[in-house]
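Protein chains: 2
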Amino acid sequence: MRVGFYLMLITMFTDCKDATSSAPSDATEGLLAIKEQGSFFVGGSVKTAPGVFDPIAHGFFNPSSQASEGQTLHGDHAYVFYQVPADAREHPIVMWHGYGQFSKTWETTPDGREGFQNIFLRRNWPVYVLDQPRRGRAGRSSEPVTIDARPSDQLWFGIFRLGVYPDFYPGVQFKQDAETVDQYFRQITPDIGPLDIDLNVAAVIELLERTGPSILMTHSHSGGMGWLTALRSDKVAGIVCFEPGSNFPFPEDKVPEPINYLGGVLSARGVPDADFTRLTKIPIVIYYGDNIPREPSGKPGEEQWTAALAMAEKWRDAVNDRGGDVSLVYLPDVGITGNTHFPFSDLNNLEIADLVSNWLAEKKL
Amino acid sequence: MRVGFYLMLITMFTDCKDATSSAPSDATEGLLAIKEQGSFFVGGSVKTAPGVFDPIAHGFFNPSSQASEGQTLHGDHAYVFYQVPADAREHPIVMWHGYGQFSKTWETTPDGREGFQNIFLRRNWPVYVLDQPRRGRAGRSSEPVTIDARPSDQLWFGIFRLGVYPDFYPGVQFKQDAETVDQYFRQITPDIGPLDIDLNVAAVIELLERTGPSILMTHSHSGGMGWLTALRSDKVAGIVCFEPGSNFPFPEDKVPEPINYLGGVLSARGVPDADFTRLTKIPIVIYYGDNIPREPSGKPGEEQWTAALAMAEKWRDAVNDRGGDVSLVYLPDVGITGNTHFPFSDLNNLEIADLVSNWLAEKKL
Chain D
18 MRVGFYLMLI TMFTDCKDAT SSAPSDATEG LLAIKEQGSF FVGGSVKTAP GVFDPIAHGF
78 FNPSSQASEG QTLHGDHAYV FYQVPADARE HPIVMWHGYG QFSKTWETTP DGREGFQNIF
138 LRRNWPVYVL DQPRRGRAGR SSEPVTIDAR PSDQLWFGIF RLGVYPDFYP GVQFKQDAET
198 VDQYFRQITP DIGPLDIDLN VAAVIELLER TGPSILMTHS HSGGMGWLTA LRSDKVAGIV
258 CFEPGSNFPF PEDKVPEPIN YLGGVLSARG VPDADFTRLT KIPIVIYYGD NIPREPSGKP
318 GEEQWTAALA MAEKWRDAVN DRGGDVSLVY LPDVGITGNT HFPFSDLNNL EIADLVSNWL
378 AEKKL
Chain R
18 MRVGFYLMLI TMFTDCKDAT SSAPSDATEG LLAIKEQGSF FVGGSVKTAP GVFDPIAHGF
78 FNPSSQASEG QTLHGDHAYV FYQVPADARE HPIVMWHGYG QFSKTWETTP DGREGFQNIF
138 LRRNWPVYVL DQPRRGRAGR SSEPVTIDAR PSDQLWFGIF RLGVYPDFYP GVQFKQDAET
198 VDQYFRQITP DIGPLDIDLN VAAVIELLER TGPSILMTHS HSGGMGWLTA LRSDKVAGIV
258 CFEPGSNFPF PEDKVPEPIN YLGGVLSARG VPDADFTRLT KIPIVIYYGD NIPREPSGKP
318 GEEQWTAALA MAEKWRDAVN DRGGDVSLVY LPDVGITGNT HFPFSDLNNL EIADLVSNWL
378 AEKKL
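If you read the protein sequences in the order shown, they are chains D and R. Quick note, the numbering used here runs 17 ahead of the 1-based positions in the first sequence. Quick note, the numbering used here runs 17 ahead of the 1-based positions in the second sequence.
Quick caveat, the hints were computed from the structure, so don't treat them as lab data. A few of these clues could be false.
Copies of the same chain are indistinguishable here, so a pair counts whether it falls within one copy or spans any two.
[As the list claims (entries may be wrong)] Derived DSBU-like pairs: lysine-lysine, alpha-carbon spacing no greater than 30 angstroms straight-line:
1) K64 with K52
2) K64 with K252
3) K252 with K380
4) K64 with K316
5) K192 with K64
6) K271 with K252
Next comes chain D alone, as it looks inside the complex (with noise of 0.2 angstroms):
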């Protein structure tokens, strides 16, 4: 009787999916069906120390003291929570954090409505919400680390583009209010071991393995990431990338110049052109937000993706020359406007999950 009982409640929800997929953008109320959810941890190293523990001298716990003779460390994982809607489509979406962030990039908002893990699971998505080796709950790095504490609040304003500090841009998508300054500065959270691209690609192909074929949403420093992972991967159906700043993957011999902008220099990776012909295979999109000047304008937060939106452009060439699909939309190109480097979580985010979901029905995922 309780079998018959969740058919029919799966039934019904699968109506009012129907019922209400003409006009999503609304659809930030009423239950969430959850099938299941849940948590794990995937990927990793284990560390074991000279010697052999013996539990008796060695058992009892003194930080200043404490042996460590024969004893293991598990570290270097990424943590995954996952939940599984109850009328859920094929592909789950599995949604990774970019620098200085974790997983609460894709949650609630500072300003406290829904981010891009409710959103798409009100639209029926699987979502993987991750955080990446020694970041966030994946704390444990085989590897030492000291944090020095910096303040640095204020540099982020910038390259996240909220404004040039203290200014905020005209018309900028984000809720000026205290509280909500607030809680986006407690959203940067430092590295707990040194940063490790390639340990960080190992454990999200290995999430790949268990989720099978899935839609990978990146941001910033994981959009390159996200890249290196579909070179290795054939479990990454689909990339929905916001705003990749780095690591752009190009065949060895049509490696681009790298650009210079004020504070750094972007340079490409070459890679054998077996590897760069799988992101021809999948169907890719790319968003960026505003006030990205296309010539550099003095102001480091900008000058950076000024950058990394030419090399984007360089980038969706050399994929799509090779017979690829990718697209690449300037928010503002599109008619919209006042984005930050975080499209998900700013005031118009349904805008842009709209924008999303049209893609992906685009490319039938």
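Take the given structure of chain D and dock chain R to it, following the hints.
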């Protein structure tokens, strides 16, 4: 029309709950109906570096030479993920992890079953899982730290009472396959800043101001911090504590002698009488697992808990002597054997959840 649909759905879930409430132990299947879920930061501090931030000169990212002049760091907060089920009970349950752990403690068990997060959601409790300041998703500390990445898994194997390494206790409620052990060790995570009990308690008190009167569910190190929270907050409606290990508060003139054990000493805290009285106003239940000898065994993983259990008994008596309502359950005394330091994720965690449910019902919470 959509409102009508959801009302009907809520009614159906209510019916479903009523239909299964006589047999909660098998309720780990079927849909979770979530009315609301999200995350936020609470508590914390803001540190400001001297000087003036220059968005041009200091606005680019350079980890080795980045200037912090005039910048802020928002840190020392707790992170909270919450879910409110469709037919929610009055009081939320706030779940607070122990030492070396984070919110994962309450999520999927190491062997892949549902943890207390899901189990109590299914029993219609709003569930708030937190990462205390400088742990897990609350990773930004205002104070620097060096993390030494010293192997310590086998130490915790003993202290968490899986056995005396490398042997598991006979009959232990823990699945002993390699994958489970691997996931279990990966739950261990370091402090990402100096451990500060007052800071942790302050953040949880602020959380309770947001949730309103709540059941505080604590474990091990948060057991003691939970008592300290209840001393200072009027929003603790009751406490369910698993295996408290330290920070037992007694009236200043009734502080018991410290208890020595192999590798350490357990001291109690003295607090003013007026504060202590608050502990007598709320129902409290404490559970300890198995394999805690009443006399020192010469095994440090056990002796720490021999001391804790003895102190907990003194504390129970001290609170009850003043008219309080503290129950202390050593699980083998009620015929439940094999539990480790983590009864809520052990193989019999549904049986443990039933104990908790019955206690909550008895206390009309």
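Checklist entry - Does the structure break any of the earlier hints, and which numbers would those be? => result Hint 1 contradicted; others consistent.
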